[in-house]
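Start from the sequences and build out the full structure, keeping to the hints where you can.
Top line first, the protein sequences correspond to chains A and B.
All residue numbers for the first sequence refer to numbering that gives the first Met the number 0, where the first residue is 0 and numbers rise by one.
All residue numbers for the second sequence refer to numbering that gives the first Met the number 0, where the first residue is 0 and numbers rise by one.
Keep in mind that the hints were calculated from the coordinates and are not lab data.
One or more hints might be untrue.
[Said to hold, decoys possible] As a list, the in silico PhoX-like pairs of lysine-lysine whose alpha-carbon atoms are at most 20 Å apart:
hint	chain 1	residue 1	chain 2	residue 2
1	A	Lys-178	B	Lys-143
2	B	Lys-106	B	Lys-50
3	B	Lys-243	A	Lys-308
4	A	Lys-139	A	Lys-23
5	A	Lys-13	A	Lys-153
6	A	Lys-268	B	Lys-224
7	B	Lys-106	A	Lys-283
8	B	Lys-143	A	Lys-179
9	A	Lys-173	B	Lys-143
10	A	Lys-277	A	Lys-121
11	B	Lys-224	A	Lys-277
[Stated by the list, open to error] With the C-beta cut set under 7 Å, the calculated list includes, among others, these residues of chain A facing chain B:
hint	residue
12	Arg-97
13	Val-135
14	Ala-138
15	Ala-285
Even for Gly, the Cβ is constructed at its ideal location relative to N, Cα and C.
This is what each chain is made of:
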Amino acid sequence: MVLVYINSTTGLSKAALETVTYGKKLSGGVTVITNGSASNEQLAQLGEYGASKVLVDRSVDGEDPQQLARLIAAVADQVAASTVIFSHDIYGKAVAPRLSVRMNAGLIAGAIAVPEADGSVKVNVFSGKAVGFVKVASAKQIISLLPNSIQPEKTGSACSVEETNGLAGTSAIKVLETKKPEGSIPLPEAELVVSAGRGLKGPENWGMIEELATALGAATACSRPVADIGWRPHHEHVGQTGVAIRPNLYIAVGISGAIQHLAGVNGSKVIVVVNTDKEAPFFKAADYGVVGDAFEVVPRLVEAVKRFKATQH
Amino acid sequence: MNILVCISKAPDTTSKIAFTNNSTQFDENGVQYIVNPYDEWYALVRALELKETIGGNVTIVTVGTAADESIIRKALAIGADEAVRIDADPKDAYFVAMQISSYAKAKGFDLVMTGKETINYNGSQVGGMIAEAMDLPFVSLATKLDVNGTKLTLEREIVGGVQVVEVSTPAVVSCAKGMAEQRIPNMRGIMAARTKPLTVIPAEAVADLSSYVSYIMPNAKSSVKMIDPSNMDELVALLHNEAKVI
Ligand SMILES: Cc1cc2nc3c(=O)[nH]c(=O)nc-3n(C[C@H](O)[C@H](O)[C@H](O)COP(=O)(O)OP(=O)(O)OC[C@H]3O[C@@H](n4cnc5c(N)ncnc54)[C@H](O)[C@@H]3O)c2cc1C
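Here it is as structure tokens:
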């Protein structure tokens, strides 16, 4: 039996559907454990992606990884799960390590594919510069799946949803405030990303980058120096020492393509580079390149995207 | 405040990544090791700032061999008071976390800090594992940390935003960007580091829960297709028809 943990406090994310699909690929029997306020109708839809049953604890807000580890370990025992699956997002990173110790189960963190024939699982290592095959030595295992590594697949129909409670204990973490910028797309989950670097000269020039992102429905990102000097917020910094992302499309404007930057983005399926310098190292990692001045190319690209979107309706 | 900062070594970010022994081992030939940037820039520097404002002691701990003492001296030069090396070749994250938690259990630290992840294995595992083994609360991916008596106020990353949370000490915190600014050690720090206490303790017998069986390098990109900068309609058409990403 496979147990999948999803966080459904803000509905069913694509990452959640990916983990359930992943569970289904590993085992015929998939139980989902979740917390939060999603409706039973919403949760029942997980059956379409392979869940045979969903258990929900509505008393747990999911903010304390210790509570979640207690809950998930107890449910894993109940359903005799030998594999527990998470998304390698903020919840997976906080809870899966705790659960690994609690269940004495080896953790494969950041899986990018289903297990190989020998049971090993591919993960990105060295910030995306290589791929390793990890195998657990324990009877039970925990796998956290890197978002956007597999696509959700519908294979079944709605499943039953049952409430559970009393397994999580109390929370030691008190939430004082939650700040979510309106309308922005979380970077690690974004399928399209527009990113810019020091080539843009100053924070006042990001208007066209945001316009391009809005036209595409993309998230925005930046290089490290741009976040360090405060032109952009820290959470937009991608690279070896920032966020590692693997969107379907990464558009890099005015970024040279230093090795530490590439480490965080070279898992992207398609890379477009806009740079005035035809020798910029980023072109070696790109699928499409434009040698030109961002201040001319980007506004043109915005218009072209808008024209394209208009034909799609 | 008595703070323990967990330090890992990591290959310098410009290192050439290659594997030996039939692709089963990282090739350390010519590789320079540094203190993992998340541990150094964020966890260690914030710990030092806290000590400077409210007093206390900052101990660093690493699971490593004698060859790793250069990164320990670097962390001492930045300002840690003392260092502990648990003598073992660090294998999986579980092994490392078990060593550190069994050392830390009896020491009464108010706060255990780690970096968000290492830049070589990127697992983001050790902090949460230490917290579970010590039965302490864990705040992961914290970008801000303030102390008020026995209360910690933290900001942490959540999906699409940040959250302000409060937790009582003792606790475990993993540190991400925003927590502090990188500090370059000065000459005085480097000199002082030579005489600061470094205690070496033996590792406990712990079985690994996971291992890397082999490695591969990702496929290289085929060559780039150049687009005329005045023809962005062509780029959009290629992204739609050829790459199928929009
Ligand atoms: C330990 C360590 C960790 C690091 N981690 C990271 C990391 O995680 N992420 C990261 O990004 N960096 C990281 N770096 C920094 C990295 O080495 C580079 O310095 C950084 O990525 C460069 O940022 P940039 O490309 O924005 O700026 P630059 O290197 O200054 O490049 C600017 C580019 O813009 C181009 N340009 C200029 N004007 C225009 C114009 N009008 N139109 C179009 N193009 C233009 C230039 O040709 C140039 O290629 C790290 C460094 C170290 C030492």
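So, going through the hints one by one against the coordinates:
no., hint, result
1, Lys-178/A with Lys-143/B, "holds, 14 Å"
2, Lys-106/B with Lys-50/B, "holds, 18 Å"
3, Lys-243/B with Lys-308/A, "holds, 14 Å"
4, Lys-139/A with Lys-23/A, "holds, 17 Å"
5, Lys-13/A with Lys-153/A, "holds, 13 Å"
6, Lys-268/A with Lys-224/B, "holds, 15 Å"
7, Lys-106/B with Lys-283/A, "violated, 51 Å"
8, Lys-143/B with Lys-179/A, "holds, 16 Å"
9, Lys-173/A with Lys-143/B, "holds, 15 Å"
10, Lys-277/A with Lys-121/A, "violated, 35 Å"
11, Lys-224/B with Lys-277/A, "holds, 13 Å"
12, Arg-97, "holds, 4 Å"
13, Val-135, "holds, 5 Å"
14, Ala-138, "violated, 10 Å"
15, Ala-285, "holds, 5 Å"
Checked against the numbered hints above, the structure breaks hints 7, 10, 14 and satisfies the rest.
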